[in-house]
Structures are given as C-alpha cells and as structure tokens.
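In the order they appear, the protein sequences are chains A and B. Each residue of the first sequence is one higher than the one before, starting from 354 at the first, in the numbering used here. Each residue of the second sequence is one higher than the one before, starting from 354 at the first, in the numbering used here.
Fair warning: there could be bad hints in the mix.
Which copy? The list can't say, so a pair holds if one copy fits it or any two copies do.
To be verified - Okay, derived cross-link-like pairs now, DSS-like style, lysine-lysine, Cα gap no bigger than 27 Å in a straight line:
{"id": "1", "residue 1": "LYS632", "residue 2": "LYS503"}
{"id": "2", "residue 1": "LYS430", "residue 2": "LYS632"}
{"id": "3", "residue 1": "LYS503", "residue 2": "LYS656"}
{"id": "4", "residue 1": "LYS503", "residue 2": "LYS480"}
{"id": "5", "residue 1": "LYS632", "residue 2": "LYS480"}
It is worth saying that the hints were derived from the structure and are not from the lab.
Protein chains: 2
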Amino acid sequence: MSRYSIGLDLGGTNLRAAAIDESGKVLERTAGSTNLSEGRDALMDDMTAAVLRLRDSQGISTLAGVGIAIPGFILMKEGVVTGNPNLPGFENFPVRDEMQQRLGIPFILENDANAAAQGEKWMGAGKDVNDLAILTLGTGIGGGVIVDGKVLHGFVGMGGELGHMTVNPTGNPCGCGNRGCLEKHASATAVASMARLLALGQNLTAEDVYHMAMAGNEHAKTCFRVMGQSLGIALANLVNIFNFPLYLLSGGMLGAWDLFSPPMFEEIAGRSFTYRATKPRIEKAVLGNEAGMFGAACLSFLK
Amino acid sequence: MSRYSIGLDLGGTNLRAAAIDESGKVLERTAGSTNLSEGRDALMDDMTAAVLRLRDSQGISTLAGVGIAIPGFILMKEGVVTGNPNLPGFENFPVRDEMQQRLGIPFILENDANAAAQGEKWMGAGKDVNDLAILTLGTGIGGGVIVDGKVLHGFVGMGGELGHMTVNPTGNPCGCGNRGCLEKHASATAVASMARLLALGQNLTAEDVYHMAMAGNEHAKTCFRVMGQSLGIALANLVNIFNFPLYLLSGGMLGAWDLFSPPMFEEIAGRSFTYRATKPRIEKAVLGNEAGMFGAACLSFLK
Numbered sequence: 354m355s356r357y358s359i360g361l362d363l364g365g366t367n368l369r370a371a372a373i374d375e376s377g378k379v380l381e382r383t384a385g386s387t388n389l390s391e392g393r394d395a396l397m398d399d400m401t402a403a404v405l406r407l408r409d410s411q412g413i414s415t416l417a418g419v420g421i422a423i424p425g426f427i428l429m430k431e432g433v434v435t436g437n438p439n440l441p442g443f444e445n446f447p448v449r450d451e452m453q454q455r456l457g458i459p460f461i462l463e464n465d466a467n468a469a470a471q472g473e474k475w476m477g478a479g480k481d482v483n484d485l486a487i488l489t490l491g492t493g494i495g496g497g498v499i500v501d502g503k504v505l506h507g508f509v510g511m512g513g514e515l516g517h518m519t520v521n522p523t524g525n526p527c528g529c530g531n532r533g534c535l536e537k538h539a540s541a542t543a544v545a546s547m548a549r550l551l552a553l554g555q556n557l558t559a560e561d562v563y564h565m566a567m568a569g570n571e572h573a574k575t576c577f578r579v580m581g582q583s584l585g586i587a588l589a590n591l592v593n594i595f596n597f598p599l600y601l602l603s604g605g606m607l608g609a610w611d612l613f614s615p616p617m618f619e620e621i622a623g624r625s626f627t628y629r630a631t632k633p634r635i636e637k638a639v640l641g642n643e644a645g646m647f648g649a650a651c652l653s654f655l656k
Numbered sequence: 354m355s356r357y358s359i360g361l362d363l364g365g366t367n368l369r370a371a372a373i374d375e376s377g378k379v380l381e382r383t384a385g386s387t388n389l390s391e392g393r394d395a396l397m398d399d400m401t402a403a404v405l406r407l408r409d410s411q412g413i414s415t416l417a418g419v420g421i422a423i424p425g426f427i428l429m430k431e432g433v434v435t436g437n438p439n440l441p442g443f444e445n446f447p448v449r450d451e452m453q454q455r456l457g458i459p460f461i462l463e464n465d466a467n468a469a470a471q472g473e474k475w476m477g478a479g480k481d482v483n484d485l486a487i488l489t490l491g492t493g494i495g496g497g498v499i500v501d502g503k504v505l506h507g508f509v510g511m512g513g514e515l516g517h518m519t520v521n522p523t524g525n526p527c528g529c530g531n532r533g534c535l536e537k538h539a540s541a542t543a544v545a546s547m548a549r550l551l552a553l554g555q556n557l558t559a560e561d562v563y564h565m566a567m568a569g570n571e572h573a574k575t576c577f578r579v580m581g582q583s584l585g586i587a588l589a590n591l592v593n594i595f596n597f598p599l600y601l602l603s604g605g606m607l608g609a610w611d612l613f614s615p616p617m618f619e620e621i622a623g624r625s626f627t628y629r630a631t632k633p634r635i636e637k638a639v640l641g642n643e644a645g646m647f648g649a650a651c652l653s654f655l656k
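Throw the hints in and build the complete structure from the sequences for me.
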C-alpha cells in the first residue's frame, strides 16, 4: 500500500492541511481559519485536530509523517520557530516535539517560503528541475532555495531569507535592522507605503494602488515600476550567485505581474551577464496558496 | 596503492601544478610562468608538459584524472571557457576535450574561484564544514560556493559569480553590463580607482594606497573603508541567502585585512539578522595561491 504524509500550512489567515500520497495526489483536504487571537494553545489544538482528522480517515499504518510550514526563522535541530512576532507564544516554544508527543508521529517544521519552494519543486512549476529559488511576494517577501531537490537550510535552518537581500544600501529601514531590504521595496506593504509617499492616499492597499495604476495613474504605475526594478536587482544577484535554471515568483502580488514584470526583466537583463548568457526561466509559481502545504507534505518523503 | 590526481591552476601570472593523493598530500609540485603573450597553443603545450612531467614521475596506473582551474565562465558540459578576454584564443575553444585527446586522461575544467572554494573545503580553512562561500579579492573579485561538499555549478556552470553581485545599484559601471558590482567597489582595481578619484595620485596600485593608509593618510583609509563596507553588503546578502557556517576571503587584498575588515564586520552585523543570530565564521582562507590547484586536484576524486 502506498505511503502518504500530511502537509500542514499555518498561515496568517488560514490553516490548511492535506493528506498527500508519494505521487503527489491529494487524498484529502481540510482547511480552517487561523485563530491567532486565541493564542498558542488554541493553535496547537487546531493543528492537532487537523492532523487527527486526516490520520483517522487515512489510517496510521501508511503515514510517513507530518510537515508543518510556518512563517518565521526555523531552528531545524531544535524544531523551534523564532523571530515571528505574529505567532503569539511560539517564540522558542518546542512546536515539533510537543506535536510529536501529542500524536506519536514524526513531525518536521519548515519555514513557509522554503516549504513553498519544495512544493513547487515537487508538484508545481519546478517539477522538471533540481534547482530553483522562489520569492513569495505578499505583505512581506519570503524566499526559498532548492539545491539538488531539497531545501537549502544552512547550518541552523535560516537559509533562503531572500526578502532581506539589500537592493538599495541607503533604502528604507527594515525591522531586521538593515536598510533597503527587498521586502521594503517590493512587497505589498512597500507598494502601499510608496503610494502614501507619492500622496496617492493615506490608507491605500497594494490592490487599491494596482487599480489606480490600471486606470492610468502615473504615480501608481511608478510604485509598481520601483517594485519591478527592486525585484530585478535581487533576481540579477540570485542569477549570478546560483545560475539556476528556474526562479519563481508567488504570492498575492502576482496579480500585478503585468505592471511590475517588464521593468523587472529589463533590470535583470541589464544587470546579469549570466542571465543574458544562459537564459534561465523566471516565471510565476503555479500552486498558489497550496504550495506550502504540498512542500510540507513532501518533507516526510525526503528524509 | 593509493590513487592520486593532478591539479593545475592556470593563473594570469603563474601556471602551477601538483600531483596530490586522496588524503590531500602533495606528492610533487611543478610551477612555471604563464606565457599569455605566446598565445593559446603555447599555453596548451605548457599545460601538457606540466601534466606529463607529473604523470611520468608518479605513474599512470593510479592517476584518477586532471583538474584545471582557469579564470572565466565555464560551460561544464562542453568543457569550454568563455568570457575571459585575458586568455587569447580560448573563447569557446574545447580545452578539456583537446587535453583529453592529447593525453588520454580524463580532464575536468573548473572556474578558478570555484576551484579555490573546493580546495579550501578539502584541505584548507573549510575542512570541518560541508557548506561555504569564498570571495577571492584580487584585480577583480571571484566567487565560489560549496554546497554539501561540492561546487555549486548551476545548470550551465556559471554559478558563484559573487563578484558581480550589486552592492550599489547606481555605482560604478562594470564590464559585465551592470553598475555597482562588488568587484567595482572592493577589488584592488577599485581601490586604485578610488584613490585616483580622491586625488591621491594617478598611477597608484592598491598596495601604494595601502601604504599611504598605514602611514595615516585619511583619503587612503577611506578607500579601504568603502572596500570593507561594499564587502559587508555582499556578505550580509550571502549570509541571509545561505546561512552557511563559513565565508572565506582570499587573494592579494587580504594583506589589507586590518584596514577593510572592521567596517566590513560592522556592515554585516548591521545588515544581517541571520549573522547576528547565528554567528557564522567569516575568515581568511589559508591555502593562499595554491587553493585553486588543490581544488582542481580534488575534483577528480569527487566524480
């Protein structure tokens, strides 16, 4: 009988989980909202319930393990998440060991963008390559790098923090302590913040700015041009560093692809000899908001 | 009987070669100057002679293969070097296949900085880690990345071009088409060029500027401070991307370590959360100008 694993994605809004077999076929899905306001114990209970539901339905004998995709820095050895102020009570809390103890199943913790990279490699846009990098363009910008089919973790587990690459040394200050991080110039938050500086309005979302740009507003278009150029600087660096065949973009900001991608490609082509010489693919990811869940499920098969 | 391989480093000035056994012990060395002015055929003959000398002396039966470290972009599949105007007649010339045909031994071509990374991993400062990155600080800046003990090549072989990371989007124009490449702000050439702009003198070498800085000249010190800050921006990016345990610096500019490393470390610490949280080692490489030769020799054992 074919093995399956459970992938769980603990997002800021939704808690997604699925039982997925080794061929990548989803056997069963479950989803709910993430009740961040109810605190850590409620979240742990929600995750436990989701896993139990899938396990009871699919059986314990063929379950390879559970992967959890979670935002923040992951300490792989400890199975702990750190540096995520949006997850109340999780800082240095032994999520992995606590879940394993509750359920008697092996758990793996993984950063959400790393899991998305693994998911796209396994069942998405990166199926036909062994090496890729992904940028997840949302409120912030996450990153994940796949080398030889697996997540590049580094020695602690913090590898792939691509959203904190410097694209402008004297740019916007970031919560990480740096100035000019990619996510301060190319995320949804960055677009909204530029719109404010350009006096387009005080409480605009990136989506509002998108609609203004589509309606012809030049200042709104500028926001997406700067976003594209900033992405281009970061991607040119990644292309020079990795010479990978594939770089993926995902997340809510993909909707503005037609606005930001032309200046992005122009910047990459101008800045990277390796890009011009080797023509890697730079494309939209395809698994949408299920990439992290797929990646989390995949982890138990790769061990 | 223990196997050995031959490592050959074709530098701009010297042609080094050695027979090295699997434990990293140098069995025999040979060196000469690189006669670039005599053209490709003379260089091919010099390389052939060096390999023959070592092979005849050490025997053919235990020879695993020959590695050649060479500056430029390497197309791994083709065994060809490209993009190096200093190697006359080598552009797209089938170096590897031609050498194999001449000598009937398997050859591997590798970029010089990638080979240096591999050498330091094998027998140098990186012996105790599986993952590292190196920056070679010379006339230009080369780079090499080791993942899981081996050179990260990318899909063509151009991986690790760390000298062309953008450290200043509006910075100095580079021959690669970019502006603000690391090597335009932190190489020996960059330091000499800054010294010229700061009116320190027209025909100064980086070494002249070093001596002026050591004698207290503030403008000369500024050149090395900018060099250190530029390296810091690049290294902070690498730390955020890789979370490796070790980053190495090598090359002729290491002599100015005391001048450029304090601002470099300050910049890294300010810009990289991952650096502050995980304390990776950022150190001088130890194999000096033999790193590429060691790395080239190592390649035949890794196949």
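- Message: Of all the hints numbered above, which does this structure not satisfy? Sort the numbers upward.
- Response: none
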